[in-house]
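Trainee: Letter by letter, the chains look like this.
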Amino acid sequence: MKKQLAMVIDASKCIDCKGCQASCKVANELPREQWRNWIKGADPQWQAKNRKPMTYQPGNCMQCSQATCVTACPTGATYRDGDGVVMIDRGLCIGCGQCIGACPYGARFRNEKLKVADKCDFCSSRRAVNLPPACVSTCPTKARVFGDIKDPKDPAAKLLAKNKDEAVQVVNQKTNTDPNLYYLGDPGPKHWPHEAKMPGAFEFWKNLADPAVKIAVGLTGLGALAMLGKQFLMKNDAPPQDHDHEGGGHE
Amino acid sequence: MSKTQVQRHTRWGIFIHWFNAACWFFLLATGVALISNHDLNPLGAWYPATVRAIFGGGANLLAAHWGLGLVWLAVWLVYLVMHMSRFVAPFIKEIFTLDPNRDLEWMIKKNLQMTLGYKMMGRLVKPLGWDGHIPPQGYYNAGQKLVAQVLVLAGAVLVATGLMLVSSKYFLSAADAWVVQWSITIHFIAAGITTALLILHIYMAAISRDERPAFISMFSGTVPLEYAQHHHQLWYQELSEQKPSEVV
Chain A
1 MKKQLAMVID ASKCIDCKGC QASCKVANEL PREQWRNWIK GADPQWQAKN RKPMTYQPGN
61 CMQCSQATCV TACPTGATYR DGDGVVMIDR GLCIGCGQCI GACPYGARFR NEKLKVADKC
121 DFCSSRRAVN LPPACVSTCP TKARVFGDIK DPKDPAAKLL AKNKDEAVQV VNQKTNTDPN
181 LYYLGDPGPK HWPHEAKMPG AFEFWKNLAD PAVKIAVGLT GLGALAMLGK QFLMKNDAPP
241 QDHDHEGGGH E
Chain B
1001 MSKTQVQRHT RWGIFIHWFN AACWFFLLAT GVALISNHDL NPLGAWYPAT VRAIFGGGAN
1061 LLAAHWGLGL VWLAVWLVYL VMHMSRFVAP FIKEIFTLDP NRDLEWMIKK NLQMTLGYKM
1121 MGRLVKPLGW DGHIPPQGYY NAGQKLVAQV LVLAGAVLVA TGLMLVSSKY FLSAADAWVV
1181 QWSITIHFIA AGITTALLIL HIYMAAISRD ERPAFISMFS GTVPLEYAQH HHQLWYQELS
1241 EQKPSEVV
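From first to last, the protein sequence lines are chains A and B.
Oh and the first sequence: position 71 is 71 in the numbering used here, straight run, nothing missing.
Oh and the second sequence: position 236 is 1236 in the numbering used here, straight run, nothing missing.
Check the hints yourself; a few may be wrong.
To be verified - List time: in silico BS3-like cross-link candidates among lysine-lysine, alpha-carbon distance up to 30 Å:
hint, chain 1, residue 1, chain 2, residue 2
1, A, K197, B, K1169
2, B, K1169, A, K235
3, A, K162, A, K52
Stated by the list, open to error - Computed, partial: chain A to chain B, Cβ under 8 Å:
hint, residue
4, D16
5, C17
6, P44
7, P74
8, T75
9, M87
10, G91
11, R110
12, K115
13, V116
14, K206
These are computed hints drawn from the structure, not numbers from a lab.
All residues carry an ideal CB built from backbone N, CA and C; glycine is no exception.
Could you put together the complete structure from these sequences and hints?
Mentor: This is how it looks when you write it as structure tokens:
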């Protein structure tokens, strides 16, 4: 079975300390004011009589199994790798930003320094040396559990299996991308992801330009074949012979 | 049979034609391979996978496409500046000058003749009140002119959108993303139209028997006087009016 790296996050353990955000920024050398992860807090309801406790929802790119950002990328610079992580090939990315609008979570941004798409990749550089993602390492309450949920012996898989009925994915109902972040405890608001929308230029290409170009190339190809056929079948195709070329009524 | 040859292409013209052809071949091959998307792959996923394997990854492929595109543009710019008054301006004037009546008739008749032969063409155009003769043409025939018009415009669009795509990683900001997105789509359309026309161009030049002398002239620079007389009669008449010394 293929690997699927995922995070199982116990939201009830999150104390909103922002440690994950700070460590991510350092580990991934992100420009000022650009972040790969977040903690979403519910609006406190000071007036309510039975005040609910505050909830915190730590998150980042959800490495969706049905990733709409991959669908929107024309060059394949964004792709799902063998570990089930959505990766970005920076050398191949031309910074068109179609993936940014296609992500229901706003997890992607255009890196101001590199001018290409950027987002969480579960710290691929740290994973390369067998370290967990920076946010996982740094979390003081161990709210984030990271691992391969397809491997039954993995702690993340075990935690998810144990809480199968309670675990939730935060999705937009219209475009469920099957994310690989699972929440335990009360993660607060679950309806914030927007509908995944392909950019206009992409839709135009897919629905109009692509078939039109294929038809145009196909038709000229057929035309050339017709002429080739005629060239072979009619070896002596001579213009009509008559006394003068200027004259009209040729019979 | 007369062996007299007349000059049709200059050495520079021949150079830019084959330079353009070579660049076009590689730019098209690498450009199509830069598309790797389930919904957009023109030839299927195997093509980008194969070409990327040859280049050692998509990043190298993109760099090669950009590099060659910029070299292509730079050589063109030098050529355009050097030959602006002597060749480029007259060429543009020539290809954008159409004689509506004669050229429409030529387009209809020549297309029918090329696919169905003179006999069928003669029969089919009879209801239009036309005979089976194809109207005389100038230095370029109407088909060549239309193809050249579209290729010149598509080339300009490819350059403009291509420069936008290269700029994206160096000069543009997130707010300009829509320019880059539409540039990719339009770049694809312009390349698609050009490819469609190149299929016709390559058939006409390299495979069609009628145009064999034109194909040879893309190496030698000259065509037989007889060819000029039969295929480009109006040009032949212009040549006849010139001093004999200009006929090689």
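Trainee: Give a verdict on every hint.
Mentor: We went through each hint and held it up to the structure:
1. Under the criterion of a C-alpha separation no larger than 30 Å, the hint pairing K197 (chain A) with K1169 (chain B) is consistent with the structure, at around 24 Å.
2. Only pairs whose Cα atoms come within 30 Å are accepted, and K1169 (chain B) paired with K235 (chain A) is rejected, the gap being roughly 55 Å.
3. In summary, the hint linking K162 (chain A) to K52 (chain A) is supported, as the alpha carbons are separated by about 26 Å, within the 30 Å threshold.
4. Violation of the interface hint for D16 (chain A) is found here, the shortest Cβ-Cβ separation to chain B being roughly 28 Å, above the 8 Å cut-off.
5. Checking C17 (chain A) against chain B by beta carbon gives a least distance of about 29 Å; that is not within 8 Å, so the hint is violated.
6. At a threshold of 8 Å, the smallest CB-CB gap from P44 (chain A) to chain B is about 32 Å, leaving the interface hint violated.
7. Of the supplied interface hints, the one on P74 (chain A) holds, with its beta-carbon coming within about 5 Å of a beta-carbon of chain B, less than 8 Å.
8. The beta carbon of T75 (chain A) is positioned within 8 Å of a beta carbon in chain B (closest approach about 6 Å), and the interface hint is therefore held.
9. Proximity of M87 (chain A) to chain B is violated relative to the hint, the smallest CB-CB distance being about 12 Å (cut-off 8 Å).
10. Given hint, G91 (chain A) at the interface with chain B, holds; its Cβ is 2 Å from that chain's nearest Cβ, closer than 8 Å.
11. A distance limit of 8 Å between C-beta atoms decides the matter here; for R110 (chain A) the minimum to chain B is near 4 Å, and the interface restraint holds.
12. Taking 8 Å as the C-beta cut-off, the interface hint given for K115 (chain A) holds, the closest approach to chain B being about 5 Å.
13. A distance limit of 8 Å between C-beta atoms decides the matter here; for V116 (chain A) the minimum to chain B is near 7 Å, and the interface restraint holds.
14. Taking 8 Å as the C-beta contact cut-off toward chain B, the hint placing K206 (chain A) at the interface holds, the least distance being around 5 Å.
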